[in-house]
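Q: Here's the letter readout for the chains.
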Amino acid sequence: MKPDLRFELLDKDAPRVTVRFAGQAYDVPEGANLAAALLAAGVDAFRQTAHRGVGRAPFCMMGACFDCLVEVDGVSRQACLMQVAPGLDIRPARQLREGPYAAR
Amino acid sequence: MPRADLTIIGAGPAGMAAAAEAAGAGLNVLLLDEQPTPGGQVYRNVDEAAARRGKILGRDFTRGRALTGALNHPRITHVAQASVWSVEGTNVAYTAPDGAREVVSDHVLIATGALERAMPMPGWTLPGVMTAGAAQIMLKQSGIAVREAVLVGSGPLLYLVAVQLLRAGCPPRALVETQTRGDMRHALTHWRAALRGWRYLQRGAAMLNELRNAGVRRHVGARDLALLGSRRVEAVHFSCGGDLHELPAETVLLHHGVVPNVQATRALGLAHRWAPRQHAFVPVLDRWGLGAQPGIWGAGDGAGIGGARVAELSGRIAGLGIAHEMGALSEAERDRRAAPLLSARAVEMSIRPFLDRAFPPYAAALVPADAVTVCRCEEVSAGEIRRAAEQGCAGPNQAKAFTRAGMGRCQGRFCGLSVTGILAEMQGRDPGEIGYFRARPPLRPVTLGEVAALHDPDDPLVQAGPHG
Ligand code: FES
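Going line by line, the protein sequences match chains A and B. Its first residue numbered 1, the first sequence is counted upward by one per residue in this note's numbering. Its first residue numbered 1001, the second sequence is counted upward by one per residue in this note's numbering.
Pulled out of the complex, with its shape left as it was, chain A reads as follows:
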């Protein structure tokens, strides 16, 4: 199945904006949940694990698993707790083994 066929967008006429993920542009519904919107746009791996270096994608969609971790403006954030806004420049989370309490 093609990536964009894995999900069905029910609100087809929702206004769209462009965001960037790992340098690539994606047209996604404005105001949608960022993790959901990127998944539906075909993004497979949101971050890479520190140890095995494998890709991870959103798992819980409720802020608990941290597998949707991305970097926005240099700050690590959970994509599932963010909303799509025009011009967001998103990178996969850095592969740091830093424990839960790290501050930047």
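One or more of the hints may lead you astray.
[As the list claims (entries may be wrong)] List of simulated lysine to aspartate or glutamate pairs, EDC-like, C-alpha gap at most 20 angstroms:
1. A:LYS2 / A:GLU71
2. B:LYS1055 / A:GLU8
3. B:LYS1055 / A:ASP89
[Said to hold, decoys possible] Stretch by stretch, here's where chain B covers chain A in the computed footprint (C-beta under 8 angstroms, at least three residues):
4. 41-53
5. 66-72
Hint data in this document are derived by calculation from the structure and do not stem from the laboratory. Just so it is clear, CB atoms sit at the ideal spot from N, CA and C, and this is done for glycine as well.
Chain A is already provided as a structure; the job is to place chain B with the ligand on it using the hints.
A: Showing chain B with the ligand alone in chain A's frame:
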């Protein structure tokens, strides 16, 4: 520092109902929640979603609007997108879009709800694998439906999500169900409980009918589950009735029950007990929801799994209890208002033994095989936990220090019960004796900047002093 009579963490059914009840009795309530709109996970985005997708999501969902509507009260302040990172006694620190804050209150109600029970099996960390709840949240919040999903596990939520996807025009490819026909027979020894939950049974039967009529394939009694794929999930492997199956799958949705999210109640140092039927730890609270520490209360699924209606009732009950403690309600008035709520809750709870037995967790995921990852964050396998135990790690905290399981960003939310389960099995002891990870603040990752903001001398809220 800002003050409130009552600070509630979590705007799901329990938190919203408690807020309404307490505010109605005259208390000033601060309601903190991570999401942009109130509702919790069960009523996620209900105000908008009920209007747009009410038919798909059903009446049990749209009824949540009554709860969100009641938040429109002059004594309730709802702070959206507030991430609570510390609860020490009744002091709560959080970060909202406009910065970090600390609030002092007389009472704190923890209403942080449930998490889906982790379902470790080979391949469960692959992209394309999500919880069934995650797919439901995408549908509620974003109007995005998974196509051709393969749902794996057991429980009423599995059927509900399947039916909602079907109604959204995306029939699931199959349900791979881990409960057996024997589980249902066993559950029927609780037929009295089942009868009291007649409404649920009827609804369950209707959902199964809907799936059958749509031609959705169900495999009941599946075992030896493994999710296959290299960069993302490609297939679900299982055995069922002596046959081996391999279903192609682009999206796999896992679910085998929910467990209380005890992160905050643990960090507060409340006592927890092992609830064998729920296969989980629950905080020890009195019937009003008060813990052993003054001013610390719990309600909703986080206080023990009961579902949305029980959560709402226990929220109201806690709200009345807190109002009484604050002197806003006499004991007689509290008891008069609480009586119908307490008995309604008892009726709702009486169906749980039936449900818990009819849809037990998938046994192989409670004590996963050696090669299976249990800690998703630090990529620690069940075998590594077992080796640590063989080398003398008796409890979860030692195993954590040794293997890093539970040390990652999710702070053990998804591996805690697996680690306890593995140690309990190895030592032939009760999970209650083995215990659980200690939880320490911060409850979520926090930056130094956020902590520092609390001490910013230019911050007018801080400047106003403790009574400001
Ligand atoms: S998907 Fe789990 S935290 Fe975002």
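Q: Hints numbered earlier in the text: which of these fail when held up against the supplied structure?
A: Going through the list in order, the structure violates hints 1 and 3 and respects the others.
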